[in-house]
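A.B. asks: Spelled out from the first residue to the last, the chains are:
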Amino acid sequence: MLRYALKRLLSLLLSLAVASLVIFLVVEVAPGDPASFMLGVNAQADTVAALRAELGLDQGQVARYLSWVTGMLGGDFGTSYTYRTPVAEMIADRLWVSLPLAVYALALSTLIAFPAGIYAAARRGRGGDMAVMGATQLGVAVPNFWFAMMLVLIFAINLRWFGAGGFPGWEAGIGAGLHALTLPAIALALPQAAILTRVMRSALLDILGEDFMRSARAKGLSRRQALWRHGLRNALIPVLTIIGLQFSFLLAGAIIIEQVFYLPGLGRLVFQAISARDLIVVESVVMLLVFAVITVNFLVDLAYALVDPRLRSRT
Amino acid sequence: MTRNLILGGALSALVVLAALISFLWTPYDHAVMNIPAKLQTPNAQHWLGTDHFGRDLMSMIMVGARTSIAVALVAVGIGMGVGVPLGLTAAARKGSWLDEVIMRGNDLVFAFPSLVIAILITAVLGAGAINAIIAIGIFNIPVFARITRSAALSLWEREFILAARVSGKGAARISAEHILPNVTNLLIVQGTIQFSLGILAEAGLSYVGLGAQPPTPSWGRMLADAQTMVSFAPHLALVPGCAIIVTVLGLNLLGDGLRDHLDPKLRVART
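Protein chains in written order, with our numbering: chain V, 75 to 389; chain C, 129 to 399.
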């Protein structure tokens with residue numbers, strides 16, 4: 075197990091290194107010099123040069139890449155070109171919106187998908203199953219930002235149960251914060267819930283065909299008892315994997331939903347930074363999201379190997 | 129023929145037909161503004177209503193279908209064009225350093241949150257349909273490489289491949305002549321699914337302003353324009369939203385139906 079974990083850790087570090095290089099290079103080829111952008115078209119050449127030196131833009135690409143990466147390792151993401159504040163602080167501020175939103179959405183999607191998936195599996199091939207499966211087809215086909223607009227139209231504009239957007243900040247209280255995140259979380263959770271329902275259903279159906287389920291029935295358990303006592307526990311393995319993977323998608327997927335609801339999260343930070351050519355912020359946020367995805371995948375793999383020893387020999 | 133195949137095929141055909149007809153005819157010129165006729169709900173003159181500039185929504189949806197289909201289709205083409213040869217090569221050289229490099233490269237692309245990188249690419253290269261295609265296409269590559277490799281690996285074990293090897297054919301020729309035709313069905317099914325994901329991705333990118341630029345109509349940007357007017361003109365958001373849903377739903381059903389149809393084993397196993 076230790077050998078497997080070390081091997082996976084090595085490949086995790088390699089992935090992160092390559093990812094950071096790719097992100098740096100992609101942003102490097104971006105046209106437009108941040109210094110001349112910030113100073114406007116009428117800036118003197120020597121003023122621009124001075125600002126370039128101040129931002130460290132006059133150094134070579136290798137030097138800048140290395141200082142960016144080593145800085146990040148120590149928690150220093152550099153200083154924003156436009157706001158002149160540490161990028162780490164800006165990201166931390168925004169994470170307090172994006173992270174709870176992703177967790178909220180994940181909780182909702184799980185709460186919807188578990189009962190729906192179990193219900194569909196238990197009624198396989200009957201009307202209830204068909205209805206649930208039809209709903210999941212629709213769930214994956216609906217663009218979540220459009221669904222978000224419909225939620226605003228119904229629950230914010232017509233019923234006035236929620237605000238149409240914005241975030242009061244956690245200072246206003248947990249209740250107010252959660253209230254503001256409810257519609258965004260529902261919009262974000264919808265496609266994930268549809269996918270998770272399908273996974274839950276098919277995992278349960280796979281388990282229902284296993285020998286130990288037949289044994290459970292043979293020893294006198296009803297279909298329902300067998301499903302709850304033995305089926306669910308075994309079906310959870312693939313389901314938990316998907317939940318793990320979904321978390322990173324939710325974090326990244328929040329970017330567009332944050333635009334719909336004007337939420338001050340990582341997504342809006344990225345868009346503002348892109349339009350202001352604040353490249354250091356763009357690089358760092360993207361790197362953080364990639365880091366989150368790669369790390370979650372790594373943890374899921376490890377948890378999987380812990381549960382199922384057969385997987386350790388693979389790769 | 130399954131129900132999925134018929135329904136999915138019909139919905140997809142409807143959208144493709146609308147896009148094709150738009151080259152020859154649309155009810156109105158999609159770009160011509162007619163302010164006196166602005167914000168009309170669906171009626172006899174304007175079947176799907178008009179927008180805040182009085183442009184005919186039906187015409188915009190028909191021309192917008194061209195953008196969606198073109199972006200998603202070319203992105204699938206990029207994914208297949210690059211991914212399939214990579215997958216075939218990796219399978220033919222299984223276990224070699226080449227296989228390792230190709231598959232680790234795939235893992236790496238998979239690890240990037242696709243939307244974030246699509247946004248990064250379009251932000252760096254500039255917003256526009258071409259860059260949206262590149263951004264979506266890149267993420268199709270590992271999908272096709274992986275399924276091609278895994279399908280090809282199992283084929284390499286089969287007797288007819290052994291026979292081809294004995295007859296003196298090289299790995300490249302076997303891959304092209306014997307492996308590729310046998311993975312085509314799989315590629316068609318996956319292509320349909322990636323096509324529908326491409327439609328959604330294109331809509332998302334144009335919604336945040338990084339997709340096709342005006343005056344090219346696109347469903348995502350129609351939704352972005354509708355956002356501020358949704359309270360008094362909800363049809364502006366409903367019409368493009370339904371267009372996206374019908375297209376994606378149709379393609380997904382088509383993909384499911386094709387999988388059942390092309391793989392007889394699944395027809396029995398699936399319920």
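None of these hints come from the bench; they were simulated from the model. Heads up, a few of these hints could be off.
Derived CB-CB ranges, DEER-like [unchecked claim]: (1) Ala138/C to Leu314/V: 51 to 59 angstroms; (2) Thr369/V to Phe288/C: 37 to 45 angstroms; (3) His180/C to Leu84/V: 55 to 63 angstroms; (4) Thr369/V to Leu281/C: 27 to 35 angstroms.
What the simulated footprint calls covered on chain V by chain C, stretch by stretch (three residues with Cβ under 8 angstroms from a Cβ of chain C suffice, anywhere in the stretch; the number is not a length) [as the list claims (entries may be wrong)]: (5) 206 to 216; (6) 223 to 236; (7) 323 to 337; (8) 362 to 371.
The structure displayed is predicted, hence computed values, not measured ones. For each residue, glycine too, the CB sits at the ideal point set by N, CA and C.
A.B. asks: Compare the structure with each hint and give your call.
C.D. replies: Going down the list of hints, with the structure as the test:
1. As the Cβ distance of Ala138/C to Leu314/V is approximately 38 angstroms, the hint placing it in 51 to 59 angstroms is violated.
2. For Thr369/V and Phe288/C, the hinted distance range of 37 to 45 angstroms is satisfied, since their beta carbons lie about 44 angstroms from each other.
3. A hinted range of 55 to 63 angstroms for the beta carbons of His180/C and Leu84/V is consistent with their spacing of about 56 angstroms.
4. About 29 angstroms separates the C-beta atoms of Thr369/V and Leu281/C, a value consistent with the hinted range of 27 to 35 angstroms.
5. With a threshold of 8 angstroms between beta carbons, the proposed coverage of the stretch 206 to 216 of chain V by chain C holds, since 5 of its residues qualify and at least three are required.
6. Taking a C-beta to C-beta cut-off of 8 angstroms, the stretch 223 to 236 of chain V contributes 5 residues in contact with chain C, enough for the three needed, and the coverage statement holds.
7. Residues of the stretch 323 to 337 of chain V lying with their CB closer than 8 angstroms to a CB of chain C number 8, which satisfies the three-residue condition for coverage.
8. Note: the stretch 362 to 371 of chain V has 5 residues with beta-carbon separation from chain C under 8 angstroms; the three-residue rule is met and the coverage holds.
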